[in-house]
Amino acid sequence: MGIDRRTFIQLVTGGVVGSLFTPVIWKSLDDAAIWSQNWSWIPRLKYGQITEQATISKFGPSPCSLMVKSVAGSPYVAKGNADNEMSKGGVDAISAGGAQLLYSPSRVKGPMKKVADGKYESISWDDAEKMLSKKLSAVKGQAGKLAIVSGDATGTSTEVLSAFAAGMGSNDCYLMPGDEQAAAVALENMGGSGQIGYDLENSDFVLLIGADAMNSWGSVVRNQRVYADNRPTGGDIESVYVYAGPFLNSTAAISDKWIPVAPGTGAIFSLGLAYHMLNAGASASVADFADFKTLVMSRFTPDKVEKAIGVAPGVMAGLAKQLMSASAPLVISGSEFGQGAGAVDIIAASALNMLLGRVGEKGGMKLLAELPLAVDSAVSRAELSSRDFAGYLAAVATDKVKAPEVMMAYEANPVYAMPQATTMAAAIAKVPFLVSFSTWMDETASTADLIMPNPHSFERFDDAQTPYGVGTAMLSACAPVIEPLYNGKSTVDVILGVASGLGIDLGYESVEAVLQAKAEKAGADWDSLVEGAAYVSDSTESGSLKFAASVLSKAVIMPKGGEIALAPYAKLNVGSSTMAIPPLNCVTVSKFELQGKDLFVQINGKTAKKLNASEGSKVKLAGAGGECVARVHINEGVMNDVIAAPLGFGHTAWDEFSRGKGDNISKILTVGTEPGTGMAVWTSSFVSVA
Amino acid sequence: MQQIEFDTKWTMVVDIDKCSGCGSCMVSCQAENNIAPMEDGSNKLKTLTWMLVYELNNGKEFPERESAYLPRPCMQCGNPACVPVCPVVATTKDEEGGIVSQIYPRCIGCRYCMAACPYHARYFGWFDPIWPEGMEKALSPKTSTRPRGVVEKCNFCHTRLMDARARARAEGMDPNKLPDGWYKPACLESCPTGAISFGDSKNPEHKVHDLIKDKNAFRILESIGMDPQVYYISRRDWVREQSDNHLPKDKH
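Listed in order, the protein sequences are those of chains A and P. Numbering (my numbering) for the first sequence: 30 to 719. Numbering (my numbering) for the second sequence: 4 to 255.
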């Protein structure tokens with residue numbers, strides 16, 4: 030039988046029709062699609078019981094109370110803890126990836142010592158503690174031989190460190206720079222005690238001078254929550270926000286008004302407002318009111334202020350009027366990037382609160398009482414906050430002060446995060462024995478002689494008291510959410526053990542005991558703290574403040590003008606002074622800040638023309654202590670003659686998610702000395718551009 | 004394609020005036036939905052950002068400049084452009100609530116849906132998802148991992164809807180009439196400035212029912228008829244004006 034054309038067509042047609050009706054082809058295609066996605070490197074999910082536990086994270090600029098969700102005991106998502114007053118249910122962009130940070134490639138997995146060729150060798154905790162004890166015993170009782178710096182301004186751990194320093198005979202226990210330093214020095218000069226706080230919740234008109242409340246000033250997440258509550262979606266605005274600063278940052282973007290003011294001139298702006306208030310009859314029954322009035326009326330007249338900071342008299346007068354007519358106005362001043370402001374910025378803003386009669390009032394500026402110390406020999410928070418680490422390191426750099434024999438860095442990365450970073454890193458390099466207690470292989474750990482890793486926030490006992498900026502004294506605490514993944518050890522436990530061996534009795538045997546005692550002395554219930562509640566105290570300091578007119582008179586200096594000023598800014602998603610860009614945050618970085626390895630700084634069109642720069646052009650910025658390379662992004666949200674530059678880039682240690690990306694703007698900050706208080710300041714940094 | 008009208012309409016309302024662009028929503032979205040970290044996050048053509056925060060400005064020169072931040076999830080369009088173009092029915096809009104699905108094992112990676120989506124809300128996995136060593140232990144049990152070569156997108160954290168429905172069933176309630184606040188996507192839960200509201204816009208007991216009728220509420224590219232289930236609110240005229248390709252005489 031032959032196959033003719035007809036039979037061939039019948040066979041082909043039959044085959045096509047048949048294939049359409051058979052499921053084999055479709056099933057095979059479906060399976061092929063699934064198999065092709067079934068590759069071995071795709072991780073399988075872990076299932077099990079889902080639980081939630083409260084904790085505190087200290088990755089961001091201020092402590093954040095979280096609820097951590099775990100599956101079969103393994104944390105995977107962090108969310109805000111709505112039952113905790115410290116952060117009111119918010120979560121910052123670093124803490125949101127806190128579970129993933131447990132497995133950060135930058136984690137230090139156990140104690141290590143530096144060996145000859147700059148590499149590290151793992152050692153046992155016994156050996157590490159012996160090594161530390163030996164170095165410390167050689168300097169015990171000798172002032173100036175031991176320095177300690179802590180990046181944790183709120184934890185009782187820092188109290189333990191300060192008590193240990195005292196036991197060692199050292200006065201050199203410091204906090205990393207922050208706005209609380211300027212506030213503490215300001216309060217001291219104004220004759221007050223306690224800690225300055227601001228009752229944002231109950232204010233109906235908030236003027237933020239410099240203070241970037243949504244990114245770097247005060248208790249950031251709490252500020253955001255308070256802002257959200259006072260401005261309900263679809264409802265009436267209950268609190269007006271005005272931001273005064275050099276750059277249209279996100280605080281300015283969500284405020285009702287942005288008033289451009291040159292960087293580091295917050296005090297002049299405040300005193301310019303005071304002029305209008307005094308003119309309108311504002312006064313305060315304070316000892317040095319007359320001196321203050323004379324100073325303001327002679328040196329901060331509208332024309333002089335306009336010449337110095339470029340704000341028109343009409344704008345100042347209008348704002349002063351708004352403040353005076355609000356029922357609960359509040360003025361807050363601080364650095365545009367959370368560090369480096371002078372005490373006069375705070376004093377001048379406090380003067381406005383005093384003229385408005387807002388000190389100690391609901392919705393006003395408060396003087397919060399300190400919670401009792403857990404360790405009797407510890408330094409008070411007020412004193413510790415007022416100590417000047419930048420000033421100390423600057424003195425070491427110039428050999429005005431001899432470098433200590435031993436320096437210990439706890440939750441701090443001074444080699445990277447200090448202003449005029451290269452100079453400060455060189456000062457730290459003079460220290461013969463540097464110890465890092467960092468959880469991460471940061472720049473400081475990478476140069477340390479001994480690394481004794483503290484566990485990750487989710488793996489440890491910790492607490493946080495009254496973060497700077499909040500309106501009431503408070504305390505939160507947490508217990509571990511997960512057993513330590515690696516061979517870390519609580520720094521407090523290390524210090525307690527070493528102290529005991531050196532004959533220094535700090536009164537406790539474990540970190541848990543210290544924190545429990547702190548809670549007990551504060552009048553809080555430890556169990557409820559660990560479950561996620563915050564203890565809140567209404568206790569405030571009594572006594573009135575003075576204007577510190579003599580300090581203002583010396584310290585407020587009108588800018589010369591004509592220079593290019595640097596306006597650094599910090600953003601929550603990029604990291605903090607203790608945290609580089611976390612893995613999950615890489616995609617959140619704006620293309621206007623980083624492209625590939627290139628950092629972008631921002632200037633407006635007019636300044637670009639002046640500097641002969643255009644979009645994307647490369648510039649070299651030079652400050653007193655170093656240089657940075659960046660590209661230009663034209664942004665009309667920057668004021669004339671100002672370069673806005675993001676902090677948090679240019680890491681040289683850490684991991685592939687942050688190392689080598691951009692440049693470190695801290696290098697081109699210039700540390701100066703504030704006349705009148707002597708403290709180191711760096712909000713007025715000028716740069717040359719090439 | 005005929006538009007299906009559901010009894011429940013899961014709707015997101017974003018208050019642009021409150022968004023500070025902090026990035027918490029983007030980070031928590033990645034954690035919840037098992038999106039692997041990317042070393043070069045600046046390559047915006049290759050990154051996976053189911054939730055992406057855009058920066059807007061009014062286009063004026065200093066000192067008149069204003070700026071705002073606009074978080075953009077998948078719009079879960081009522082009349083989605085992506086669904087009818089999919090050759091393998093890997094994306095559908097057929098479940099009560101109106102969430103546009105994305106079925107990864109069925110996706111053949113042709114990216115027709117990406118081309119069709121006017122909101123750039125769909126993403127193609129260009130690279131193998133690689134978590135740093137050990138980080139796979141922090142994977143969420145709620146979202147399957149995907150290989151490279153498929154398209155993925157926001158699904159309003161759909162498993163959270165499943166969980167809320169399961170809770171309703173366990174408590175003897177109607178799983179299709181969830182109380183306000185029972186179902187919250189991860190981005191909302193982490194937003195510190197409370198810029199994101201979420202709920203069933205057809206349920207008068209839900210806050211979003213009224214919010215979408217706010218005089219300042221709008222949707223992006225409303226004129227092209229996608230009927231998105233994501234609304235925005237802004238008091239600022241210039242923000243609302245940028246939501247669509249309006250003619251100068253249009254009212255906003």
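Some hints here could point you the wrong way.
Unchecked claim - Below, a list of computed lysine-lysine pairs in the BS3-like style, where the Cα atoms sit at most 27 Å apart:
{"#": "1", "chain 1": "P", "residue 1": "K49", "chain 2": "A", "residue 2": "K647"}
{"#": "2", "chain 1": "P", "residue 1": "K205", "chain 2": "A", "residue 2": "K626"}
{"#": "3", "chain 1": "A", "residue 1": "K429", "chain 2": "A", "residue 2": "K391"}
{"#": "4", "chain 1": "A", "residue 1": "K75", "chain 2": "P", "residue 2": "K187"}
{"#": "5", "chain 1": "A", "residue 1": "K647", "chain 2": "P", "residue 2": "K216"}
{"#": "6", "chain 1": "A", "residue 1": "K138", "chain 2": "P", "residue 2": "K218"}
{"#": "7", "chain 1": "P", "residue 1": "K216", "chain 2": "A", "residue 2": "K620"}
{"#": "8", "chain 1": "P", "residue 1": "K205", "chain 2": "A", "residue 2": "K75"}
{"#": "9", "chain 1": "A", "residue 1": "K350", "chain 2": "A", "residue 2": "K286"}
{"#": "10", "chain 1": "A", "residue 1": "K75", "chain 2": "A", "residue 2": "K138"}
{"#": "11", "chain 1": "P", "residue 1": "K63", "chain 2": "A", "residue 2": "K635"}
{"#": "12", "chain 1": "P", "residue 1": "K49", "chain 2": "P", "residue 2": "K180"}
{"#": "13", "chain 1": "P", "residue 1": "K205", "chain 2": "P", "residue 2": "K187"}
{"#": "14", "chain 1": "A", "residue 1": "K336", "chain 2": "A", "residue 2": "K286"}
{"#": "15", "chain 1": "P", "residue 1": "K180", "chain 2": "P", "residue 2": "K205"}
{"#": "16", "chain 1": "P", "residue 1": "K63", "chain 2": "A", "residue 2": "K639"}
{"#": "17", "chain 1": "A", "residue 1": "K286", "chain 2": "P", "residue 2": "K63"}
{"#": "18", "chain 1": "P", "residue 1": "K63", "chain 2": "P", "residue 2": "K49"}
{"#": "19", "chain 1": "A", "residue 1": "K626", "chain 2": "P", "residue 2": "K47"}
{"#": "20", "chain 1": "A", "residue 1": "K647", "chain 2": "A", "residue 2": "K429"}
{"#": "21", "chain 1": "P", "residue 1": "K47", "chain 2": "A", "residue 2": "K620"}
{"#": "22", "chain 1": "A", "residue 1": "K583", "chain 2": "A", "residue 2": "K550"}
{"#": "23", "chain 1": "P", "residue 1": "K187", "chain 2": "A", "residue 2": "K286"}
{"#": "24", "chain 1": "A", "residue 1": "K635", "chain 2": "A", "residue 2": "K286"}
{"#": "25", "chain 1": "A", "residue 1": "K649", "chain 2": "A", "residue 2": "K333"}
{"#": "26", "chain 1": "A", "residue 1": "K639", "chain 2": "A", "residue 2": "K649"}
{"#": "27", "chain 1": "A", "residue 1": "K638", "chain 2": "P", "residue 2": "K218"}
{"#": "28", "chain 1": "A", "residue 1": "K138", "chain 2": "A", "residue 2": "K333"}
{"#": "29", "chain 1": "A", "residue 1": "K164", "chain 2": "A", "residue 2": "K431"}
{"#": "30", "chain 1": "A", "residue 1": "K638", "chain 2": "A", "residue 2": "K620"}
{"#": "31", "chain 1": "A", "residue 1": "K336", "chain 2": "P", "residue 2": "K47"}
{"#": "32", "chain 1": "P", "residue 1": "K180", "chain 2": "A", "residue 2": "K647"}
{"#": "33", "chain 1": "A", "residue 1": "K620", "chain 2": "P", "residue 2": "K63"}
What the hints assert, rightly or not - Chain A residues, not near chain P, derived (Cβ > 10 Å throughout):
{"#": "34", "residue": "L74"}
{"#": "35", "residue": "G77"}
{"#": "36", "residue": "P104"}
{"#": "37", "residue": "Y105"}
{"#": "38", "residue": "K159"}
{"#": "39", "residue": "R260"}
{"#": "40", "residue": "P261"}
Hints were generated in silico from the structure; no laboratory data involved. The C-beta atom is built at its ideal place from N, Cα and C for all residues, glycine as well.
**Study point:** Hint consistency between A/K75 and P/K187 [alpha-carbon to alpha-carbon, up to 27 Å]
**Key:** holds (23 Å)
Practice item. Could you let me know if the closest chain P CB is still more than 10 Å away from the CB of A/G77? Key: With a cut-off of 10 Å, A/G77 comes too close to chain P, as the shortest Cβ separation is near 8 Å.
Review point. If you draw a straight line from the CA of P/K187 to the CA of A/K286, is it 27 Å or shorter?
Key: violated (32 Å)
Review point. Has the given pair, A/K635 with A/K286, been kept, meaning a C-alpha gap of at most 27 Å?
Key: holds (22 Å)
Review point. Does A/K138 pair with P/K218 here, judged by a C-alpha cut-off of 27 Å?
Key: violated (55 Å)
Practice item. Given the hint that A/K649 pairs with A/K333, test it: the Cα-Cα distance must not exceed 27 Å. Key: The given pair, whose Cα atoms are some 33 Å apart, is violated under the 27 Å limit.
**Study point:** Minimum Cβ-Cβ distance from A/P104 to chain P exceeds 10 Å
**Key:** violated (6 Å)
Point to revise | Non-interface label on A/Y105, tested against every C-beta of chain P at 10 Å | key: violated (5 Å)
Check your understanding: If you draw a straight line from the CA of A/K583 to the CA of A/K550, is it 27 Å or shorter?
Key -> violated (41 Å)
**Study point:** 10 Å Cβ clearance of A/L74 from chain P
**Key:** Violated, because the least Cβ-Cβ distance between A/L74 and chain P comes to about 5 Å, which does not exceed 10 Å.
Practice item. Take the C-alpha atoms of A/K626 and P/K47, compute the straight-line distance between them, and say whether it is at most 27 Å. Key: Holds, at about 14 Å.
Review point. Within 27 Å, alpha carbon to alpha carbon, are P/K180 and P/K205?
Key: holds (10 Å)
Checked against the numbered hints given earlier, the structure breaks hints 2, 3, 5, 6, 7, 8, 12, 18, 20, 22, 23, 25, 27, 28, 31, 32, 34, 35, 36, 37, 39 and 40 and satisfies all the rest.
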